[in-house]
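S.K.: So you can see what is in the structure, the chains are spelled out below.
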Amino acid sequence: AQKITQTQPGMFVQEKEAVTLDCTYDTSDPSYGLFWYKQPSSGEMIFLIYQGSYDQQNATEGRYSLNFQKARKSANLVISASQLGDSAMYFCAMRERGGQGGADGLTFGKGTHLIIQP
Amino acid sequence: DAGVIQSPRHEVTEMGQEVTLRCKPISGHNSLFWYRQTMMRGLELLIYFNNNVPIDDSGMPEDRFSAKMPNASFSTLKIQPSEPRDSAVYFCASSFLSSNYGYTFGSGTRLTVV
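Going down the list, the sequences are from chains C and V. Just so you know, the first sequence maps onto residues 1 to 118 in the working numbering. Just so you know, the second sequence maps onto residues 1 to 114 in the working numbering.
Only chain C is shown next, with the shape it has when bound in the complex (with noise of 0.2 Å):
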């Protein structure tokens, strides 16, 4: 079974409109981290916004928020005012259980390839 599915492949949205790509994933451990990166055409990884399993609060970022719904084992990313250069590839990633006084890798979803029209 696929741990990150990002069922949206492609976005059309207008500028300045609010966009939500959809993000669930699956999980038994109990201490997970969520991401979302931005990957745009000239191919780098940005990094957007970080969730956490135990966090109470949805994480926000400038004009990205994530909603996160633990229960429903999802986490949206929220762009709000949409604007031209938010056109890219956007990925959802999720961290388990850290070990050995490091990080563990990252799990990426397939991704969903926004386009704002002006």
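Derived from the structure by calculation, the hints contain no laboratory data. Here a beta-carbon is modelled for each residue, glycine too, at the ideal position from N, C-alpha and C. Treat each hint with caution, since some may be false.
Simulated crosslink set (EDC-like; lysine to aspartate or glutamate; CA at most 20 Å straight-line) [said to hold, decoys possible]: (1) 24/V <-> 14/V; (2) 3/C <-> 57/V; (3) 110/C <-> 44/V; (4) 70/C <-> 15/C; (5) 78/V <-> 18/V; (6) 3/C <-> 44/V; (7) 110/C <-> 22/C; (8) 78/V <-> 11/V; (9) 3/C <-> 56/V; (10) 78/V <-> 57/V; (11) 78/V <-> 44/V; (12) 70/C <-> 96/C; (13) 24/V <-> 44/C.
What the simulated footprint calls covered on chain V by chain C, stretch by stretch (three residues with Cβ under 8 Å from a Cβ of chain C suffice, anywhere in the stretch; the number is not a length) [claimed, not checked]: (14) 17 to 26; (15) 45 to 52; (16) 75 to 81.
Fit chain V to the given chain C structure using the hints.
M.R.: Showing chain V alone in chain C's frame:
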């Protein structure tokens, strides 16, 4: 900080040749990860190191792939012999402990095996 530095940015090689990809993590980060990105399979974790020690290499596709981290500031991913199906973008990323601030990725190496 210069970020995670990968070299080369692009590599074109002939099938059967040895390929070595290089990575310099962010100073102070104690975890290093190698990922491969393809259209078909997306982003796959190949191997990761904590404190220079390989922790999980279950993602390494075949014995043709090997990775080393001789010290905290340098890692290599080697493919020998290379095959056309190894063509992909290879990313290196580093992190400090169980970071809440994301794993910092390098710019990637685009490998083409002809």
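S.K.: Could you work out which earlier hints the structure fails to respect and list their numbers in ascending sequence?
M.R.: 1, 4, 14, 16
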